[in-house]
Amino acid sequence: IWVMIFPMLIAIDFGSLKDVGRRPKGLVITLVINWLIKPFTMAALGVLFFNHLFAGLIDPAKAPEYIAGLILLGAAPCTAMVFVWSQMTKGDPAYTLVQVSVNDLVMIVAFAPIVALLLGVTDIVVPWETLLLSVVLYVVIPLALGAVTRRRVIATHGGDKAAVDVFTATLKPWSVIGLLATVVLLFAFQAETIVSNPLLIVLIAIPIIIQSYGIFATAYAWAFAWKVPHNIAAPCAMIGTSNFFELAVA
1 IWVMIFPMLI AIDFGSLKDV GRRPKGLVIT LVINWLIKPF TMAALGVLFF
51 NHLFAGLIDP AKAPEYIAGL ILLGAAPCTA MVFVWSQMTK GDPAYTLVQV
101 SVNDLVMIVA FAPIVALLLG VTDIVVPWET LLLSVVLYVV IPLALGAVTR
151 RRVIATHGGD KAAVDVFTAT LKPWSVIGLL ATVVLLFAFQ AETIVSNPLL
201 IVLIAIPIII QSYGIFATAY AWAFAWKVPH NIAAPCAMIG TSNFFELAVA
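As numbered in the UniProt record's numbering, residues 1 to 250 make up the sequence shown, in order.
All clues stand as given, with none of them false.
Each computed BS3-like pair below joins lysine-lysine, with the alpha-carbon atoms no more than 27 Å apart:
no. : residue 1 : residue 2
1   : K18       : K161
2   : K90       : K172
3   : K161      : K90
4   : K90       : K18
5   : K227      : K18
6   : K227      : K25
7   : K90       : K25
8   : K227      : K90
9   : K161      : K172
Here are the simulated distance ranges between beta carbons:
no. : residue 1 : residue 2 : range
10  : A55       : F187      : 22 to 30 Å
11  : N51       : P173      : 37 to 45 Å
12  : A44       : A144      : 28 to 36 Å
13  : H52       : R151      : 48 to 56 Å
14  : L117      : A155      : 37 to 45 Å
15  : A44       : E192      : 28 to 36 Å
16  : M88       : V32       : 17 to 25 Å
17  : F187      : E65       : 12 to 20 Å
18  : P229      : V109      : 24 to 32 Å
19  : K18       : E192      : 48 to 56 Å
20  : E192      : G158      : 49 to 57 Å
For the record, the hints were derived by calculation from the structure and aren't laboratory data. Glycine included, C-beta positions come from ideal geometry on N, C-alpha and C.
Kindly generate the complete structure, drawing on both the sequences and the hints.
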C-alpha cells in the first residue's frame, strides 16, 4: 500500500494551502460532501440494504461485516487518483492541489472519529487503537515522508519545483506495481469467497453504485447552483465521489 500511494503523496504541495481563501466555494462543497454527507449516506445505505432489503439473501451474522466494509470504504476521499481525474475533466490543477491538501489534513483528524461513530451506531466494534494505527501508518507517515521527500528533491535541484514532477514520474511504475500487487493479494486471499459468492459481490456493489452516482450528482448540482466553473466543479464532484480504498483495505 505504501508503494502504491507514496509517489502520489510526493506531488502534494502543502504550500498551496495559502490559496485556500481563493474561490472557496469548490472547497466548501468538497469538504461538506466528503466529511458531513458521504460517510453517513454510505452507512445508511449499508444498514438499509444489508439489515433490511437484502436480509433474506445473506447470512444475518455477516451483515455487520458488510456494513463495516462500506463504512470504511466511504469514510475518506481518494488521494492518489484525484490528479488524474482532474486532468481528464480539464480541471484546474492548482485548485485541485488545494482541495487534496486540505482533505488530507482533515483526514488525519476526522477519519478515525467518524468511522468509530458510525461503527458504534451500527453496533460494530472496531478498537480505537486499530483505527488510529491505520491513520498513522497509511496517512500520517506517508504524508510526512512525502512532504520531506518533496522538500529534499526541490532543495537538491536549486529550488526548481519542476524537479518533483520528474522525480514522481520515475516512481509511477512502482505505484502501478503496488496497485497491482494489492489487487492480486486481495483476490488471492479472498478468491474462494469471491468465486463462491457471486451474488454477494453483486449485492455489495449495489449500494456502492447508488452512493457513487448520488454523491456525484449532489456535488455537481450544488456546484452548478453556486455557479462554480466547470474546471473546479468537475474535480470537486470527482473528489467527493471518490473513496480511499487503500485506507479501507488497511
